[in-house]
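Hints are included, so try docking the two chains, each in its own frame, into the full complex.
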Amino acid sequence: MPPLEILDPTVEARKQPLTFVARPDSLKGKRIGLVENTKYNSDRLLLKIGDILKQEYGAAETRMWRKHNAGVPAHAEILEEAKRGVDVVVAGIGD
Amino acid sequence: MPPMTTELVSSRYAVDDLAAAIDLCFEKGWTDGLPVVPPTEARVRAMLDAAELAPDKEIGFITNRQVAVTAEKVAINAVMAGCKPEYMPVVVAAVEGVADPRWSYHGPATSTGGAGVLMIVNGPIARRLDFNSGDNLFGPGWRANATVGRALRLVMRNVIGTLPGRLDRGTLGHPGKYTYTIAENEVDSPWPALHVERGFRADQSTVTVMAAESPHQFYNQLSSTAAGILTTLCDDMRISGNVMGQPNYVVVIAGEHMRTIAADGWSKADIRKHVFEHTQNSLAHLKRTGRLAGAVTAADETTLRPMLASPEDILVVAAGGRAGSFSAYIPGWASRRTSEAVTKLIKERSA
Numbered sequence: 001m002p003p004l005e006i007l008d009p010t011v012e013a014r015k016q017p018l019t020f021v022a023r024p025d026s027l028k029g030k031r032i033g034l035v036e037n038t039k040y041n042s043d044r045l046l047l048k049i050g051d052i053l054k055q056e057y058g059a060a061e062t063r064m065w066r067k068h069n070a071g072v073p074a075h076a077e078i079l080e081e082a083k084r085g086v087d088v089v090v091a092g093i094g095d
Numbered sequence: 001m002p003p004m005t006t007e008l009v010s011s012r013y014a015v016d017d018l019a020a021a022i023d024l025c026f027e028k029g030w031t032d033g034l035p036v037v038p039p040t041e042a043r044v045r046a047m048l049d050a051a052e053l054a055p056d057k058e059i060g061f062i063t064n065r066q067v068a069v070t071a072e073k074v075a076i077n078a079v080m081a082g083c084k085p086e087y088m089p090v091v092v093a094a095v096e097g098v099a100d101p102r103w104s105y106h107g108p109a110t111s112t113g114g115a116g117v118l119m120i121v122n123g124p125i126a127r128r129l130d131f132n133s134g135d136n137l138f139g140p141g142w143r144a145n146a147t148v149g150r151a152l153r154l155v156m157r158n159v160i161g162t163l164p165g166r167l168d169r170g171t172l173g174h175p176g177k178y179t180y181t182i183a184e185n186e187v188d189s190p191w192p193a194l195h196v197e198r199g200f201r202a203d204q205s206t207v208t209v210m211a212a213e214s215p216h217q218f219y220n221q222l223s224s225t226a227a228g229i230l231t232t233l234c235d236d237m238r239i240s241g242n243v244m245g246q247p248n249y250v251v252v253i254a255g256e257h258m259r260t261i262a263a264d265g266w267s268k269a270d271i272r273k274h275v276f277e278h279t280q281n282s283l284a285h286l287k288r289t290g291r292l293a294g295a296v297t298a299a300d301e302t303t304l305r306p307m308l309a310s311p312e313d314i315l316v317v318a319a320g321g322r323a324g325s326f327s328a329y330i331p332g333w334a335s336r337r338t339s340e341a342v343t344k345l346i347k348e349r350s351a
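If you read the sequences in order, they're chains D and L. If you read the first sequence in my numbering, its first letter stands for residue 1, the second for the next number, and so on. If you read the second sequence in my numbering, its first letter stands for residue 1, the second for the next number, and so on.
If you're looking for bench data, these hints aren't it; they were derived computationally from the structure. Backbone N, C-alpha and C define an ideal beta-carbon position, used for all residues, glycine too. Treat the hints with caution; some may be incorrect.
[Said to hold, decoys possible] FRET-style restraints, in silico, Cβ to Cβ:
(1) L:L24 x D:Q16: 23 to 33 Å
(2) D:D8 x L:L304: 48 to 58 Å
(3) L:G324 x D:Q16: 47 to 57 Å
(4) L:P175 x D:G92: 26 to 36 Å
(5) L:D203 x D:P73: 32 to 42 Å
(6) L:P175 x D:P73: 27 to 37 Å
(7) L:A323 x D:M64: 53 to 63 Å
[As the list claims (entries may be wrong)] Simulated crosslink set (EDC-like; lysine to aspartate or glutamate; CA at most 20 Å straight-line):
(8) D:K54 x D:D43
(9) L:K28 x D:D8
(10) D:K54 x D:D25
(11) L:K84 x L:E41
(12) D:K67 x L:E340
(13) L:K273 x L:D235
(14) L:K28 x D:E12
(15) L:K57 x D:E12
(16) L:K28 x D:E5
Chain L with its partners taken away, still in its complex shape (with noise of 0.2 Å):
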């Protein structure tokens, strides 16, 4: 095996103190609007060992951009997003998703469509980490989650130049663009987690990105039944996104509602299947509200069009806090063969 390179190649910057360094990093266009904490080499190196990983290894390559992603520079970008070290292994993974040729970079991260990536971690890692997976999921308060889809972010950036007004595009964009992380609450699920659903045994930990939009929840304080709350959650969710088909969907269904679903005896399986079928749009409504071209048939009124190629094509994740009858849906970005959820092995450091 040859001796692993250790020079860090960057260019380096010689500043006063730590608050010229913060102002440096606004000045030269590297931050997402908010303080970075500064890359001093100390920090690089540690991102950089904690997951065994030599400056020099290529963690994807963006065919689009020509752009080579190193560790060196997902590490400098991880710790200017506030990661610990450990996370390292988690950003790694959510990089080499986003480069992965299903996830199709160029549309997703460029698209007037504004997609954020939002990353679902599983297994261990999760909880060992603190990825919250419970109350206020979306929201603040976690370092990890907020960290890691930051440094993501950055990585983007920084690295492959999606710029905002530039190389991305998004006319609205969305929230979710600084950072968009959630885990699954794999303790308190009934059902079989993400990861192991899409291959993965469940005591391996998994990282999984798709282009979304932002988190719509939905409310349901009044059903005692699994069909009963669905039925909400497809009434909202068939007029959303693009209703002309989608790549993907996440459902995460939170606390109350897993509850009252699980005690009925639905597995996620059933959940997908209830959805597909039950969020399809007439031909004749997608023309009469200006999402299809063409004047109305009367087999149009008839003619259904599913939002998704297949039931299959729904994520349902177990999350979100105990109290309150919410869950919420996340459209994927764009339409069918454009870019789709990819599912990465986090490789932690050997013991």
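Chain D extracted, bound-state conformation (with noise of 0.2 Å):
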């Protein structure tokens, strides 16, 4: 009897390349947004990360918006404002 032969049932996952944008090298009068995921405190810990970067990095002001919910990425309103009016994004999983 020849050997049995099975198939696969994984697959990879599609590979695609990320482009990472070059890091400012001082924070020193830049636009901070704060991407918030909507979980409990998020906000809060966003905003005291804010004010740290404001207070001992030098930036000039901060700006946050709310995702629809955690388990989304941020949707396209947050991406084209933030593309216009902020230099730097922070975003994070509050949980």
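Here's what the structure looks like:
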């Protein structure tokens, strides 16, 4: 009897190139965007981080956006406004 | 029309016999912890043929994972789950459901909240393929229920990478993550079927997928009225799931309760309205029980917060055994605007 042959049920994720924007050498005078993921206290955490960036690193201002929910990427409106209005974005998972 | 691609592109592994094949699937991490049916080419092709699908047909694309789910991979996993070939169109519709942006795959599949995928099968196919809609509704014993739900979970695991401890971070999970498939008892139900309420024809077949907690049953043997039975349901349901507000709930009304509620002339819409109105919590209660932040104010005592955005977010399903004064509710996963129940047409093989 010939050997049995079975098929692999898994798949590799599609590879995609990611290009990172160069990080600024300094945050002095930079406008900081904060992307909040709706989790409890994530807004407070990000505001605290924003305050530190202003007080200790000389950032000019902060602005915060709220995602629709924690499970989705930032929506188009956030991306468009961030592109126009800020120099650096801080995002993270508050949970 | 271009010719259908028939080549199977998956890697192949040679083994000595069926037992070795089953062991290899365990060793490769391809199973849910139970043995699987080895996916041979003949079995996989039978699965594809039953749904008239080319192997390279894309059934869904999971954006967050950048994974295309092809018919070939769905068929392989359906074989492994123990599906008969004729179940394949149901599995395909379920995969389409979880790949739908409204279901929003990343959240419910990954979250610490540990949701399973509840699948509700409606229409003629449920009867033809012997999906259970009666006794022991959520329990074992029916091949269609057991293997179709399992097939979806294996697709999530093997194709989309939803591996426990990695991209499935459920803190607790629940047994429905093995398989979680029911059908509506459309034969005995006095009400329009779920899929008809959601815009399909009665002679069409559908599967509804919802990110869901485990089923919670409630007991009322005393009431002979619709309002009486639903009072018990609402008292249980009021503090369940995410009481701060969820996308969906399923309410499963079983035989005895179904007959009592229908005898009172209540429709599914009446049930939804009653449940929506009687499951609201005061802000004061939510704050006292650690569900809502902040100090309790006088106004909080009389300000009510509904569990859902609208009565329409409650999916009422007639199912379960004929005997016994039990019915059930199933909380959806997470909160509003996260993941909503999606109903997909099951595309059956042309005659």
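task: Given the range 26 to 36 Å, decide if the beta-carbon distance of P175 (chain L) to G92 (chain D) lies inside it.
output: 33 Å, holds
query: Are the Cα positions of K67 (chain D) and E340 (chain L) separated by 20 Å at most?
result: At roughly 17 Å apart (the allowed maximum being 20 Å), E340 (chain L) and K67 (chain D) satisfy the hint.
field: Cβ distance range 23 to 33 Å for L24 (chain L) and Q16 (chain D), holds or violated
entry: 31 Å, holds
- request: Determine whether the Cβ-Cβ distance between P175 (chain L) and P73 (chain D) falls within the hinted range of 27 to 37 Å.
  value: At roughly 31 Å between Cβ atoms, P73 (chain D) and P175 (chain L) fall inside 27 to 37 Å, so the hint holds.
Given hint E5 (chain D) paired with K28 (chain L) - CA-CA distance at most 20 Å: 15 Å, holds
task: Take the C-alpha atoms of K84 (chain L) and E41 (chain L), compute the straight-line distance between them, and say whether it is at most 20 Å.
output: 15 Å, holds
message: Can you confirm whether the C-alpha distance between K54 (chain D) and D25 (chain D) stays at or below 20 Å?
response: Answer holds: K54 (chain D) to D25 (chain D) is near 15 Å, not above 20 Å.
- prompt: Honestly, do D8 (chain D) and L304 (chain L) meet the 48 to 58 Å range at C-beta?
  reply: 53 Å, holds
- prompt: Honestly, do D203 (chain L) and P73 (chain D) meet the 32 to 42 Å range at C-beta?
  reply: For D203 (chain L) and P73 (chain D) the Cβ distance comes to about 39 Å; the hint holds.
field: 20 Å Cα cutoff - pair K28 (chain L), E12 (chain D)
entry: Judged against 20 Å, a Cα distance of about 14 Å means the pair holds.
field: Satisfaction of hint between E12 (chain D) and K57 (chain L), Cα-Cα up to 20 Å
entry: 17 Å, holds
- prompt: Between G324 (chain L) and Q16 (chain D), is the Cβ distance one that fits in 47 to 57 Å?
  reply: 53 Å, holds
The structure fails none of the hints (numbered hints given earlier).
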